[in-house]
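Residue numbers (my numbering), protein chains in the order written: chain A, 90 to 427; chain B, 5 to 197.
A hint or two may mislead.
Stated by the list, open to error - Computed cross-link-like contacts, SDA-like style, restricted to lysine to any residue with a CA-CA straight-line distance of at most 25 Å:
1) A:Lys-122 with B:Trp-45
2) A:Lys-323 with B:Asp-131
3) A:Lys-323 with B:Asp-132
4) A:Lys-185 with B:Val-86
5) A:Lys-207 with B:Trp-45
6) A:Lys-185 with B:Asn-133
7) A:Lys-232 with B:Asn-133
8) A:Lys-207 with B:Ile-179
9) A:Lys-122 with B:Ala-80
10) A:Lys-207 with B:Leu-183
11) A:Lys-122 with B:Glu-126
12) A:Lys-185 with B:Asn-135
13) A:Lys-207 with B:Glu-126
14) A:Lys-122 with B:Gly-166
15) A:Lys-136 with B:Phe-92
16) A:Lys-207 with B:Gly-159
17) A:Lys-185 with B:Leu-114
18) A:Lys-122 with B:Val-136
19) A:Lys-185 with B:Trp-45
20) A:Lys-323 with B:Trp-45
21) A:Lys-185 with B:Thr-145
22) A:Lys-323 with B:Lys-58
23) A:Lys-122 with B:Ala-129
24) A:Lys-122 with B:Phe-92
25) A:Lys-185 with B:Leu-44
26) A:Lys-122 with B:Glu-162
27) A:Lys-323 with B:His-84
28) A:Lys-323 with A:Lys-207
Stated by the list, open to error - To be clear about the criterion: a stretch of chain A counts as covered by chain B if any three or more of its residues have a C-beta under 8 Å from a C-beta of chain B, and this derived list gives those stretches:
29) 111 to 117
30) 172 to 180
31) 183 to 197
32) 222 to 234
33) 247 to 254
It is worth saying that the hints were derived from the structure and are not from the lab. Backbone N, C-alpha and C define an ideal beta-carbon position, used for all residues, glycine too.
These are the residues of each chain, in order.
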Amino acid sequence: MRYLLTFTLALLATSCIIINTGRISDVIYVRHKGADMPAHVHGDPAKNTFLIVLHGAGSFGLAFRDGEFSQNLEDDYVVVYFDQRGQSMAQGHYSKPEDLVDLMAEDVLALAAVLREKYGEDINLFLMGHSWGGLLSGATLLKDQSQFAGWINVAGATDIPLATARRGSRIQIIAEEQIDLGNSIEEWTAISEEVDELDPSEESSYRPTLRLAARAIELLLRDEVIESTTTIEKLAQAILANNPITWAVSDFFNQPVSEAREMDYSLTPRLQEITLPTLMIFGRYDVSVPLQVGAVAFEEIGSDKKDVFVFEQTIHHPHDTEGSRFVQEVRRFIEENR
Amino acid sequence: MIRSLVCSAILALIVGSMLMNSPLSAQNRMLELTYSGNNLWNPGFRLAIVQDWKEEKTSTLLGKERSTSWSKMITAGLYHDVESHTGFYIQAGALYRNVGEKGWFFDAELSPLGLYRSFLTETWAVDDNGNVSQVRLPGRTYLAPAAALHLGKAGKREWFVGGRVMTLLPYNTYILPLLMIELGVRSPLTSTK
């Protein structure tokens, strides 16, 4: 029993060791309307610039804390990896709200208020959203963009009906291109034929189209058109830094994208109202949020200062597949606008 | 926070008094110390008192003698999730044990009474008017029934390994199961006489 006690205490002690490097390394929770949502705050505060990262559907804040984020962006800025309401390690008690997207946007504004309270009213805040996070970040800006110095929309699903409608046609375009290149001709032909049979305007085609998108991604990776990006560091973040069971169960019960789909949620009619400097980055091979969604968002947004980049070797995660270029564009954008 | 502490105290008092009022003697109590890590890598431990409840029965299965018994137990434990929180829980329930001739046993625990309290890192609350304030002793309280299965070797001091599932409810809008991996020992609690 003595050995067991010693072993247990040693484990607890090692888990509590904190190395002070002078940089910010905090885990703070934001309590707002029944939810306690963790924000992992890491980086160098010297430039007084904070970058809030909003993850995509079924993901979690720390999923971004590998590769270029931890090795580069945190050297220049403070990056805030946020677990959204009902996602990953966020907890609490609350009833299902009538307008979940609106409430989650309020959560992001609450996070911004907490960051200003804790780190100073004068900090520069940039808002980055990936995929579902792109929609959420846009919805946040439509509530109050005065809190932020810029918006970075990464493969953002700012128009759910448009993304749903164009997913099949994007798969078709990629299939034709790959057949012309002689890559997995049989498989791409089969995918193309199956897409042909689906009517994107019908609800029943939604899941089958997503399954075809998954097959398309598999082929792009297998034929090495796109480099696979699963790293040990990312797995460690998913399994050790995060709690995979909590994350998976929370995702099972709380799916904001499903809510947004039911509402036919689209920011397009109101994007003119966003006048912040904006950087948009999309992947050429993205079959989750097709390029057309980015093109419409770029056209419609009201910002005078706006840039869009299409990453040629990317499916849906430009920060993973073309990390160096991603950081270069993000750093340039922040330096120009902070 | 105060409400959850009061609830925990009431639960502890009820179950504690049940154990203390048992007609069985102190020699029939065992102390259990268990490494109980959430998902293995979030370290934790729990302490339990196991009290005989119903007399042991012996039966023969395939020519071999096995004894079965029921105990009641109260458990308090905690684990530390390095990146986010510490969880503390108190539970009460029953333990079924089935022991073979050579002392190898399996047991099954069902603890329907349970409370769990998370202790969060620094927490800031934002109210409906946008006012920000720091929360003292932040965390959330959940109902936390649990079930566990163990395999082990009986003796004066016995050891076991197994798993425990605790369900937090209501958690966000639904529930959350927590999986614990366990390695523990039980020793008799001797009388002070």
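Exercise. Assess, step by step, whether the Cα of Lys-185 of chain A is no farther than 25 Å from the Cα of Asn-135 of chain B, and give holds or violated.
Key: 24 Å, holds
Exercise. Measure nothing beyond the straight line between the CA atoms of Lys-122 of chain A and Phe-92 of chain B; if it is 25 Å or shorter, mark the hint as holding.
Key: 24 Å, holds
Quiz item: Going straight from one Cα to the other, do Lys-122 of chain A and Ala-129 of chain B come out at no more than 25 Å?
Solution: 9 Å, holds
Quiz item: CA of Lys-323 of chain A to CA of Lys-207 of chain A, is that 25 Å or under?
Solution: 29 Å, violated
Quiz item: Would the pair Lys-122 of chain A and Glu-162 of chain B pass a check requiring their Cα atoms to be no farther apart than 25 Å?
Solution: The given pair, whose Cα atoms are some 48 Å apart, is violated under the 25 Å limit.
Quiz item: Regarding the pair Lys-323 of chain A and His-84 of chain B, is the alpha-carbon distance no greater than 25 Å?
Solution: With a Cα-Cα distance of about 22 Å, the restraint between Lys-323 of chain A and His-84 of chain B holds, given a limit of 25 Å.
Exercise. With a cut-off of 25 Å on the C-alpha distance, tell me whether Lys-122 of chain A and Ala-80 of chain B pass.
Key: 30 Å, violated
Practice problem: Please work out if Lys-323 of chain A and Asp-132 of chain B have their alpha carbons no farther apart than 25 Å. | Solution: 37 Å, violated
Practice problem: Would you mind confirming whether the straight-line C-alpha gap from Lys-122 of chain A to Val-136 of chain B stays at or under 25 Å? | Solution: 13 Å, holds
Quiz prompt | 25 Å Cα cutoff - pair Lys-122 of chain A, Trp-45 of chain B | solution = Status violated; Cα separation ~31 Å.
Quiz item: Keeping to a limit of 25 Å between CA atoms, is the pair of Lys-207 of chain A and Trp-45 of chain B held or broken?
Solution: 31 Å, violated
Quiz item: Is the hinted pair Lys-122 of chain A and Glu-126 of chain B satisfied, with a Cα-Cα distance of at most 25 Å?
Solution: 17 Å, holds
Hints 1, 2, 3, 4, 5, 8, 9, 10, 14, 15, 16, 17, 19, 22, 25, 26, 28, 32 and 33 from the list above are not met by this structure, while the remaining hints are.
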